[in-house]
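J.: Spelled out from the first residue to the last, the chains are:
Protein chains: 2
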Amino acid sequence: MDTYDLIMRNAEEVVTDEEVRELADDPAGKRAYVGYEPSGVLHIGHLLTANKLIDLQEAGLDVVVLLADVHAYLNGKGTFEEIRDTAERMKAQFIAYGLEEDKTEFVYGSSFQLEEDYTLDLHELELSTTMNRAQRAMAELQSGETAKVSHLVYPLMQVLDIEYLDLDLAVGGLDQRKVHMLAREELPELEYDARPCLHTPIVADLTSGEGKMSSSEGATISMEDSTEELEEKVNSAFCPPTRDPEGDLENPVLELFEYHVFPRFETVVVERPEEYGGPLSYEAYDSLADDLESGELHPADAKGTLASYLDELIEPGRRTLRELRAES
Amino acid sequence: MDTYDLIMRNAEEVVTDEEVRELADDPAGKRAYVGYEPSGVLHIGHLLTANKLIDLQEAGLDVVVLLADVHAYLNGKGTFEEIRDTAERMKAQFIAYGLEEDKTEFVYGSSFQLEEDYTLDLHELELSTTMNRAQRAMAELQSGETAKVSHLVYPLMQVLDIEYLDLDLAVGGLDQRKVHMLAREELPELEYDARPCLHTPIVADLTSGEGKMSSSEGATISMEDSTEELEEKVNSAFCPPTRDPEGDLENPVLELFEYHVFPRFETVVVERPEEYGGPLSYEAYDSLADDLESGELHPADAKGTLASYLDELIEPGRRTLRELRAES
Numbered sequence: 024m025d026t027y028d029l030i031m032r033n034a035e036e037v038v039t040d041e042e043v044r045e046l047a048d049d050p051a052g053k054r055a056y057v058g059y060e061p062s063g064v065l066h067i068g069h070l071l072t073a074n075k076l077i078d079l080q081e082a083g084l085d086v087v088v089l090l091a092d093v094h095a096y097l098n099g100k101g102t103f104e105e106i107r108d109t110a111e112r113m114k115a116q117f118i119a120y121g122l123e124e125d126k127t128e129f130v131y132g133s134s135f136q137l138e139e140d141y142t143l144d145l146h147e148l149e150l151s152t153t154m155n156r157a158q159r160a161m162a163e164l165q166s167g168e169t170a171k172v173s174h175l176v177y178p179l180m181q182v183l184d185i186e187y188l189d190l191d192l193a194v195g196g197l198d199q200r201k202v203h204m205l206a207r208e209e210l211p212e213l214e215y216d217a218r219p220c221l222h223t224p225i226v227a228d229l230t231s232g233e234g235k236m237s238s239s240e241g242a243t244i245s246m247e248d249s250t251e252e253l254e255e256k257v258n259s260a261f262c263p264p265t266r267d268p269e270g271d272l273e274n275p276v277l278e279l280f281e282y283h284v285f286p287r288f289e290t291v292v293v294e295r296p297e298e299y300g301g302p303l304s305y306e307a308y309d310s311l312a313d314d315l316e317s318g319e320l321h322p323a324d325a326k327g328t329l330a331s332y333l334d335e336l337i338e339p340g341r342r343t344l345r346e347l348r349a350e351s
Numbered sequence: 024m025d026t027y028d029l030i031m032r033n034a035e036e037v038v039t040d041e042e043v044r045e046l047a048d049d050p051a052g053k054r055a056y057v058g059y060e061p062s063g064v065l066h067i068g069h070l071l072t073a074n075k076l077i078d079l080q081e082a083g084l085d086v087v088v089l090l091a092d093v094h095a096y097l098n099g100k101g102t103f104e105e106i107r108d109t110a111e112r113m114k115a116q117f118i119a120y121g122l123e124e125d126k127t128e129f130v131y132g133s134s135f136q137l138e139e140d141y142t143l144d145l146h147e148l149e150l151s152t153t154m155n156r157a158q159r160a161m162a163e164l165q166s167g168e169t170a171k172v173s174h175l176v177y178p179l180m181q182v183l184d185i186e187y188l189d190l191d192l193a194v195g196g197l198d199q200r201k202v203h204m205l206a207r208e209e210l211p212e213l214e215y216d217a218r219p220c221l222h223t224p225i226v227a228d229l230t231s232g233e234g235k236m237s238s239s240e241g242a243t244i245s246m247e248d249s250t251e252e253l254e255e256k257v258n259s260a261f262c263p264p265t266r267d268p269e270g271d272l273e274n275p276v277l278e279l280f281e282y283h284v285f286p287r288f289e290t291v292v293v294e295r296p297e298e299y300g301g302p303l304s305y306e307a308y309d310s311l312a313d314d315l316e317s318g319e320l321h322p323a324d325a326k327g328t329l330a331s332y333l334d335e336l337i338e339p340g341r342r343t344l345r346e347l348r349a350e351s
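One line per chain: the protein sequences are A and B, in this order. Position 307 of the first sequence, counted from 1, bears residue number 330 in my numbering, the numbering being contiguous throughout. Position 170 of the second sequence, counted from 1, bears residue number 193 in my numbering, the numbering being contiguous throughout.
These are computed hints drawn from the structure, not numbers from a lab. Just so you know, not all the hints are guaranteed correct.
Copies of the same chain are indistinguishable here, so a pair counts whether it falls within one copy or spans any two.
[Claimed, not checked] Cross-link-like lysine to aspartate or glutamate pairs, in silico, EDC-like; alpha carbons within 20 Å at most: (1) Lys-100 / Glu-147; (2) Lys-126 / Asp-313; (3) Lys-235 / Glu-147; (4) Lys-256 / Glu-350; (5) Lys-126 / Glu-41; (6) Lys-256 / Glu-60; (7) Lys-100 / Asp-140; (8) Lys-53 / Asp-313; (9) Lys-100 / Glu-212; (10) Lys-100 / Glu-214; (11) Lys-126 / Asp-40; (12) Lys-100 / Asp-267; (13) Lys-100 / Asp-144.
Because the structure is a prediction, the values reported are computed rather than measured.
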């Protein structure tokens, strides 16, 4: 796969394609990032963007993981020391998951977000951004009664992070697009460059195929899951024999194959007894999806296979988590 | 005048009276402040609060003058160096006007407002304050289209200044009351103490007696005014022979006597030729106002007297300004 295709794989959108092509032409030394609020256990939301970071490393870019400890602190996630412990656990899991340690820079927000220059630039951004514009960049639109002033300031901090981390590409889930578009508008106000951005898709809820698989509600997949839990969750997943279920529904089993499994394995083998047709082997997502559509691959076999590949992906991180817990 | 009366003189309101009484009982080492955005020339708005600071010094309090250079910088008033020059000129005028140099601490905003602890506390305040609450504290209510994010953040910085300057009393014009009330609500959210506040009245527009005398529109009085300019402005001022003109109008000539002249002079003498009744002498504002009401004191004589006392008040600052300009 060429550099451009690797960068673009499974991206839901990039802004702009032209800028990403330029990056692909000369990826060496270019810096891409995702920001995470430190959390003890990686879940599917982290893994989706982590897969993209692994692609980008493979494409020759340097990867920056922002550990947003200042936000965690402000959100009441403990003292800075406690948050740092959590973040170090998270970091170990990212590496176990497959991020190359020597090509990944883990940066704490507190190492630059409280410095004088940053703070002054933040105040400049606050002055150049209308309340309405900042409100439109909030993750979820809230009214003035429930929204806090911080809901307007945080997006501006994310805008500045892109400059202060000296990035060439901002990566995030689709829910980050509003902030990244704000960054493209606002960074030039401070005479900084606008940067391209890349957004990963949203995986649908595992059991219903609706909306978004999240760590806060419904079934999700995390590094804490045992092999058995994983099997149980995947086996009860929504998986009609089609890529495109009715209405707004999605097929989360296929999505997990597409976004999580195929990018990380050259070949995906469906173990199947000879009496049911014997093993199937796929080198690309599309052939697996075609077989599910045609009936050649039964949803139950697809689920069993998915569970076992996810288990393999998660196992090193799960082990790391266990070791770290044993130490503490 | 006892300490409490001196603190309260010409105050439009204090919050709360009980807290101010406590301050008055033991004023030594207590710190009161006003914040100003550095400006080259003191005008009536500065002088009104400066009069109060002089009262407070006389009452035994220490006085802190915040030179808000960060805000001036963000408002495009020049580089930090240029703003510092402006602020130093302002400082010299305050001292020439009557602030006691060794009882006045001049503090630059940039000396603490960009530090890590302050910034982190500011983010905490942003998180504990709803957008609506912060909007209600803005100097002028603006809509989301015109209001900038900074309009919500600045009041929160003023709130924190009160803590970081270790103040016991926040002083400002009536236009600061909303911010000071916000401070009383929000400082305890960060486990800091709420502080009492004191607000000076608004002087009406000189020529119309309506609204507010401001430096930006209409006639105002500043340290730049020559004796002749001052005479001309005061002579064309609105001055009906009453304390309480019709409707919403005020008598700005009487207000200037009350808030500016009487606090600074023990006796006010109206020079008047023998043929018009000879000189009049007042030790209190009320007797002068009574005489204006009764017709004993003619508005033209009141104006002439006001101009000459204001001139005396302004002269040292005007000289300082001239000297500083000659140097640069």
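J.: If the cut is 20 Å between Cα atoms, do Lys-100 and Glu-212 qualify within a copy, between copies, both or neither?
T.: Classified as between; 17 Å across copies, 33 Å inside a copy.
J.: Indicate which option fits the pair Lys-100, Glu-147 if close means a Cα-Cα distance not exceeding 20 Å: within, between, both or neither.
T.: Cα proximity of Lys-100 and Glu-147: across copies only (13 Å, versus 28 Å in one copy).
J.: If the cutoff is 20 Å on CA atoms, where do Lys-100 and Glu-214 land: within, between, both or neither? Let me know, please.
T.: So Lys-100 and Glu-214 pass the 20 Å test across copies only (18 Å; inside, 35 Å).
J.: Quick one: Lys-100 to Asp-144, C-alpha cut-off 20 Å, is that within a copy, between copies, both, or neither?
T.: between (26 Å within a copy, 16 Å between copies)
J.: Is the C-alpha distance from Lys-100 to Asp-267 at most 20 Å within one copy, between copies, in both cases, or in neither?
T.: neither (40 Å within a copy, 59 Å between copies)
J.: Measure nothing new, just compare the shortest in-copy and cross-copy C-alpha distances for Lys-126 and Glu-41 to 20 Å and report within, between, both or neither.
T.: Intra 25 Å, inter 63 Å, cutoff 20 Å: neither.
J.: Quick one: Lys-126 to Asp-40, C-alpha cut-off 20 Å, is that within a copy, between copies, both, or neither?
T.: neither (25 Å within a copy, 63 Å between copies)
J.: Up to 20 Å between alpha-carbons, please classify Lys-235 paired with Glu-147: within, between, both or neither.
T.: Classified as neither: same-chain Cα gap 35 Å, cross-chain 30 Å, threshold 20 Å.
J.: For Lys-256 and Glu-350, with the copy left unspecified, which applies at a CA distance of at most 20 Å: within, between, both, or neither?
T.: This pair counts as neither: shortest intra-copy Cα distance 29 Å, inter-copy 80 Å.
J.: Cα distance capped at 20 Å. Does Lys-126 pair with Asp-313 within a copy, between copies, both, or neither?
T.: This pair counts as neither: shortest intra-copy Cα distance 36 Å, inter-copy 84 Å.
J.: Evaluate Lys-53 and Asp-313 at a C-alpha cut-off of 20 Å and name the case that applies: within, between, both or neither.
T.: neither (37 Å within a copy, 79 Å between copies)
J.: If the cutoff is 20 Å on CA atoms, where do Lys-256 and Glu-60 land: within, between, both or neither? Let me know, please.
T.: neither (25 Å within a copy, 61 Å between copies)
Checked against the numbered hints given earlier, the structure breaks hints 2, 3, 4, 5, 6, 8, 11, 12 and satisfies all the rest.
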